[in-house]
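S.K.: The lines below spell out each chain.
There are 2 protein chains.
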Amino acid sequence: MMKKSLTLLAFLSLLLNGFSQNTDSVFIKQIFDNALTNRVAYQNLEVLTKIAPGRLVGSEESIVALKFFEKYFKELGVDTVYLQEFKTHSWACDSSSVSILKTKSPEVPLRCDALGTSVSTPESGIIAEVIEVQGLEDLETLGTEKIAGKIVFFNRPMKDTFINTFAAYGDAVDQRAHGPAEAAKYGATGAIVRSVTTSLDDFPHTGSSRFPDSRIPALAISTLAANQLSQELKENPKTKVRIFVQARDLPEITTYNLVAEIRGKVKPEEAIVVGGHIDSWFNSPGAHDDGAGCVMSCDVLRIFKELNIQNNRTIRAVLFMDEEMFQSGGKAYADFVGQSGKRPYLALEVDEGAFTPEGFSVDAPDSIVNKLHSFKPLLDPYGIKYIRKGGGGVDIYPLKKSGVPLVAYVTDPQRYFDMHHSGNDTFDKINYRELNMGTGCVTTLIYLIDKYGVE
Amino acid sequence: MMKKSLTLLAFLSLLLNGFSQNTDSVFIKQIFDNALTNRVAYQNLEVLTKIAPGRLVGSEESIVALKFFEKYFKELGVDTVYLQEFKTHSWACDSSSVSILKTKSPEVPLRCDALGTSVSTPESGIIAEVIEVQGLEDLETLGTEKIAGKIVFFNRPMKDTFINTFAAYGDAVDQRAHGPAEAAKYGATGAIVRSVTTSLDDFPHTGSSRFPDSRIPALAISTLAANQLSQELKENPKTKVRIFVQARDLPEITTYNLVAEIRGKVKPEEAIVVGGHIDSWFNSPGAHDDGAGCVMSCDVLRIFKELNIQNNRTIRAVLFMDEEMFQSGGKAYADFVGQSGKRPYLALEVDEGAFTPEGFSVDAPDSIVNKLHSFKPLLDPYGIKYIRKGGGGVDIYPLKKSGVPLVAYVTDPQRYFDMHHSGNDTFDKINYRELNMGTGCVTTLIYLIDKYGVE
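Residue numbers (the working numbering), protein chains in the order written: chain W, 1 to 455; chain C, 1 to 455.
The shape of chain W in the complex, shown without the other chains (with noise of 0.2 Å):
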């Protein structure tokens, strides 16, 4: 009997033991299973499309997102739900197209977005000859002469020998982002660029073009009209084209970030915030980019809420405006942050869309990247291969300089440009699966900055 009651004893000692060293992959398994079997994310992501796509900031449609996501969070229940009122300019798109003109048959019409913030041409658009470009270094070989009073053509593709794709987007972006300001040194009169996708289709991809002095107006056009065009330029290189830009600057308006917190029971003063941003560009629902961010951030605090977790720190969800377009958002919620004295106690931004977890990448000196990689173990078994020095996000980064870490969630980046910035980036390219599993990924990494700290 007596041996039987100490290895009875023993038995049970073991099992405690084990028990407080699996504590947290337990409690995270729990994470899990919540992300994985509820469904509240991605139907209120399938709602955010459907009545808020388009919603770039200063559009009717950024209003009635902030007010879909306000009501979401005041349903929960959590603690403080508000919304952060600043003041920024903005630019609206009415209409454009792009055609190319034949001698003996109508226009032919390729498919086509303005960039932000693209000026307006006159009512019956420019016409003008094209000449075609591989990138921002073929302008100043070709010189004023050749350029002035046509329209730039920048055509170089997405490299899709990149093995992330966001290097063959930086690669490529420049002439969407410097390329039309470039060409207008020149006396170009309008600038087409060729969408910087992974996707050879007929969706243009938008996106901002940056002009610091004088503007002109410029479009993106699909990759297959792209093709088109240059088929068109090899076979008549005197080929006109018309584009035409309907587009308006908004000089002041009123907009918001939201802002949803779940107090901390022990350090409330301590923020740590996870977010997304809420607008979108003109042209597209913006599901992974970043309709899946807000979801997700959202997500974050209804499972804190349902497991009950007793959160030291404050979790607080922001939903940044205009991360597109001026990141006015971010600034504005760093100033704000800044003046209160409040700074949070870590950020982490959630903008890569909805699919499969890679990693995090954390921009922080290297003992809180050291510490948060000691958390990685816990997040193996769900596919997470990294916890390691990198960028943050553009909506958090204004947080930088004062000190706050900064996080980035990561995603497996195969099919993101695909979608990114146009009329593509719908709700069904969702999957439900691997939007979880992030929610999943996320949640437990605040978790576990809350329980166990940075430091």
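In case anyone wonders, no lab produced these hints; they're calculated from the structure. Note that CB positions come from ideal geometry on N, CA and C, so glycine has one too. There could be a bad hint or two in this list.
To be verified - Calculated cross-link-like contacts (lysine-lysine; reagent style PhoX-like; alpha-carbon spacing at most 25 Å):
#1 C:K429 - W:K50
#2 C:K29 - W:K159
#3 C:K29 - W:K385
#4 W:K159 - C:K159
#5 C:K159 - W:K29
#6 C:K305 - W:K385
#7 W:K29 - C:K385
#8 W:K385 - C:K389
#9 W:K389 - W:K400
#10 C:K389 - W:K376
#11 W:K159 - C:K305
#12 W:K385 - C:K376
#13 W:K371 - C:K385
#14 W:K376 - C:K376
#15 W:K429 - C:K159
#16 W:K376 - C:K385
#17 C:K371 - W:K238
#18 C:K159 - W:K305
Said to hold, decoys possible - Covered by chain W, per the in silico footprint, the following chain C stretches (three or more residues, Cβ under 8 Å):
#19 73-87
#20 304-312
#21 408-416
Stated by the list, open to error - Label-pair distances were calculated between CB atoms; the ranges are:
#22 C:K67 - W:P106: 55 to 63 Å
#23 W:E137 - C:K67: 43 to 51 Å
#24 C:S340 - W:D201: 43 to 51 Å
#25 W:E85 - C:H373: 51 to 59 Å
#26 W:K385 - C:E455: 25 to 33 Å
Assemble chain C onto chain W, guided by the hints.
M.R.: Just chain C now, kept in the frame of chain W:
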């Protein structure tokens, strides 16, 4: 001057050392550059799914598919292309339906497909009450008294909480594979199975149902239809459904595996097999399952040709017939090489869809697993997370008994079962980059196996 020459010499020597260490990684980059910039595999898959959807063994479409790839290999100019003939039995489904009977309104149709190898019902179908169960173990509890004369409805969902969907599939698929035969033992007149899928939608997912003894009509219904039927049964447990299947056994057919080779320059008798299965379920274009595996296997040979790789061993693509129903192609191929006394050097199966590469699993003695694992650093830059002990593949499994090392290419599993065995497995679900990344990884591993061997 002397000093300069010495410095130059040292530099050159450093350079050459560097080159020799990096020869493999430089060449592998060439393999990926080719794989990632070439649209051949992608376009082949588009054509295949268009001209030969529903290419179940015994169907005309299966022969169309064979001829398509035979022509492709001949045009590619490989050394050998032939159809390896064998005889098997088969099964074909002509039509099927399931509907809920209503007293005061028309029958409510449910989206369904027959399971292979369901028998036919009478022309007017079978009308019976339904008994819903959560698994095979419920049958014994209920017993013949409650089951006889009824239609058993297996409705246990595939669990969302598994991280690997293949594990979730394994956990749920017994209902489809063995449920109908078990239900027959208790006198059921038919069986309906909830589709084994991660997706909540209206696509029925079919698959094999094994009947060691007597067969009954058996069908899969979509997950939405399963929820609808379950709800109906809650409201009215006496609800009757009508099931209808028109299907035929094909007692003896002649069919083929397709074999294509690039002869080895040093050890031509040692063949490295790479393959997928050419058949798909009758209800499915089979884009991921396993058109992708076929076009990737084809592309391995294309890349070997285009890069003019002087392979030591024979590189042999085998497109296996009939993985889905009876695995007769895999068995016939093992018999064929067994009779000729020429067992392959190694066999690699590609049958997990065209998703982002994850790793390779190896069914072989540890020494071979370790040797293959030693190649992993060369594949790290391309996202391969592991090369480790694990299962091979269904088609190559019959080669195991003659000691052939087996390898399976493993992909990110989150989306696979959304499409698997359904009409949803269409070409538009294929991502160009994910497919080509897979081709790069498979070609690289085969290149290294050929160059260094596995002993």
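S.K.: Each of the hints needs a verdict: does it hold here or not?
M.R.: Do the hints match the structure? See the list:
1. Among the hinted pairs, K429 of chain C with K50 of chain W is consistent with the structure: their alpha-carbon atoms are about 22 Å apart, no more than 25 Å.
2. About 14 Å separates the Cα atoms of K29 of chain C and K159 of chain W, which keeps this hinted pair within 25 Å; it holds.
3. For the suggested pair K29 of chain C and K385 of chain W, the alpha carbons sit about 22 Å apart, so the restraint of at most 25 Å is met.
4. Taking the CA atoms of K159 of chain W and K159 of chain C, the gap is near 39 Å; set against the 25 Å cutoff, the hint is violated.
5. Between the alpha carbons of K159 of chain C and K29 of chain W the distance comes to roughly 14 Å, so the proposed pair stays at or under 25 Å and holds.
6. The straight-line distance between the Cα atoms of K305 of chain C and K385 of chain W is roughly 34 Å, outside the 25 Å bound, and the hint therefore fails.
7. At roughly 22 Å between alpha-carbon atoms, K29 of chain W and K385 of chain C fall within 25 Å of each other, so this suggested pair holds.
8. Of the pairs offered as hints, the one joining K385 of chain W and K389 of chain C holds, with about 20 Å between alpha carbons and a cut-off of 25 Å not exceeded.
9. A C-alpha spacing of about 14 Å is found between K389 of chain W and K400 of chain W, which places the hinted pair at or below 25 Å, so the restraint holds.
10. A threshold of 25 Å between alpha carbons decides the hint, and for K389 of chain C with K376 of chain W the separation of about 23 Å falls inside it, so the pair holds.
11. Between K159 of chain W and K305 of chain C, the direct Cα distance comes to roughly 23 Å. Compliance with the 25 Å bound is thereby established for this hinted pair.
12. Distance restraint check for K385 of chain W and K376 of chain C: the Cα-Cα separation of roughly 15 Å lies within the 25 Å cut-off, and the hinted pair is therefore satisfied.
13. For the proposed pair K371 of chain W and K385 of chain C, the alpha carbon gap of about 23 Å is at most 25 Å, so the pair holds.
14. A distance of roughly 21 Å separates the Cα atoms of K376 of chain W and K376 of chain C; the hinted pair therefore holds under the 25 Å criterion.
15. A distance of roughly 22 Å separates the Cα atoms of K429 of chain W and K159 of chain C; the hinted pair therefore holds under the 25 Å criterion.
16. The suggested pairing of K376 of chain W with K385 of chain C holds, with an alpha-carbon distance near 15 Å, which does not exceed 25 Å.
17. Proposed proximity of K371 of chain C and K238 of chain W is contradicted: the alpha carbons are some 60 Å apart, above 25 Å.
18. Distance check on the hinted pair: K159 of chain C and K305 of chain W sit about 23 Å apart at the alpha-carbon level, within 25 Å; holds.
19. Residues of the segment 73-87 of chain C lying with their CB closer than 8 Å to a CB of chain W number 0, which falls below the three-residue condition for coverage.
20. Counting residues of the segment 304-312 of chain C whose CB lies closer than 8 Å to any CB of chain W gives 0, which falls below the minimum of 3, so the coverage claim is violated.
21. Interface restraint, the segment 408-416 of chain C with chain W: holds (3 residues with C-beta to C-beta distance below 8 Å; minimum three).
22. Between K67 of chain C and P106 of chain W the beta carbon distance is about 42 Å. The supplied range of 55 to 63 Å is therefore violated.
23. A C-beta distance of roughly 49 Å is found between E137 of chain W and K67 of chain C, which places it inside the suggested range of 43 to 51 Å.
24. Checked against the hint of 43 to 51 Å, the C-beta distance between S340 of chain C and D201 of chain W comes to roughly 47 Å, which is consistent with it.
25. Checking the proposed 51 to 59 Å range against E85 of chain W and H373 of chain C shows it holds: the Cβ atoms sit about 57 Å from each other.
26. K385 of chain W and E455 of chain C have their C-beta atoms about 31 Å apart, which keeps the hinted 25 to 33 Å range intact.
The structure fails to meet hints 4, 6, 17, 19, 20 and 22 from the earlier list, while all remaining hints are met.
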